[in-house]
Amino acid sequence: MPELPEVEVILNHLNGHVLGGTIETFTIHRSDIVRTGHDLISWLQGSTITNIVRKGKCLIFTCQRSNQALYLLSELGMTGLWFFHRTLASSPQHLHCRIGLSGAQAAELHYWNPRRFGRLWLFALPELEAFMQRRFGSDALDIGEQPFVQLIQSCRGRLKPFFLDQHRLAGIGNIYANEILFRARVHPQAHGYRLGAPSCQRLYRIMHMVLREAIAAGGSSIRDFRAPDGSQGHFQEVHQVYQKAGLPCSHGCPTLIKRMQSERSSFYCSACQKKR
DNA sequence: CGTTGAACCTGTTTGC
DNA sequence: TGCAAACAGGTTCAAC
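Note that the first sequence covers residues 5 to 280 in our numbering.
A portion of the hints provided could be inaccurate.
[Claimed, not checked] Listed below are the simulated DSSO-like cross-link pairs for lysine-lysine, each with C-alpha atoms no more than 30 angstroms apart in a straight line: (1) Lys248 to Lys279; (2) Lys248 to Lys262; (3) Lys279 to Lys262; (4) Lys278 to Lys262; (5) Lys248 to Lys278.
Bear in mind the hints are in silico, worked out from the structure with no lab data behind them.
Keep in mind it's a predicted model, so treat the numbers as computed, not measured.
My request is simple: use the sequences and hints to build the entire structure.
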């Protein structure tokens with residue numbers, strides 16, 4: 005679910021409402037929602053959230069107490085969200101964690117996740133760094149044009165799986181991979197190493213444009229994405245291919261958008277998107 | 001190395 | 001109407 009733009013939208017809300025707050029209580033309603041660091045929960049209570057960052061689709065809270073810090077990492081998976089009030093969640097039985105706060109605009113923060121593909125992790129710095137290094141490549145918004153071009157040209161497989169692989173480029177998921185490839189007019193099964201530098205640069209510019217526009221629109225509320233205050237995103241209103249199978253291609257050609265079952269449902273225009 | 005499919009979960013939509 | 005199958009924003013692992 006939440007891909008880079010949605011997580012960035014969540015981050016913006018958290019920065020305005022929980023940054024600087026002190027964790028008074030940290031309550032887990034389902035113990036398996038915390039993957040590692042159960043023994044750190046008591047330390048966390050009384051610590052202050054001094055920084056929140058996004059890396060790929062993850063959020064990392066720095067929790068500080070005197071001059072020591074621990075890190076709370078949230079993975080949202082397909083259906084995870086953070087809410088400022090429990091009443092904003094559509095199903096109360098899937099509220100798995102509650103953080104009671106003081107000294108911040110929000111008095112509480114709830115982790116909601118029906119399918120539980122995402123988890124929470126509590127780390128000291130070395131474990132956090134090892135985790136990040138093991139799991140993530142460069143963030144899709146941070147990477148520069150030259151490193152991106154090199155990454156694409158070193159990709160021997162198809163571009164769709166490349167964009168979904170967080171180890172190579174972190175943040176893009178199925179919605180944005182489809183939208184970026186369509187707008188760049190590159191076929192999901194095109195091979196990265198066969199693209200010339202101009203195509204790679206175009207892909208880079210379009211990737212950043214799509215991600216920035218999606219963030220500005222509040223993300224894509226396809227199913228149940230909501231920001232922490234319950235507000236919806238609007239980028240789904242300008243999706244051009246995702247879930248548009250059978251509809252005319254929006255580039256103005258007479259072709260209908262196709263859907264390919266493999267590689268997590270690829271939506272594309274067989275006329276506009278070329279394999280090379 | 002790249003690709004495919006299954007597994008982990010619950011809820012909603014689709015089709016017979 | 002009712003039930004079963006298919007499908008959904010993600011990630012990991014095994015097998016080929």
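Indices of hints not satisfied (ascending): No numbers; nothing is violated.
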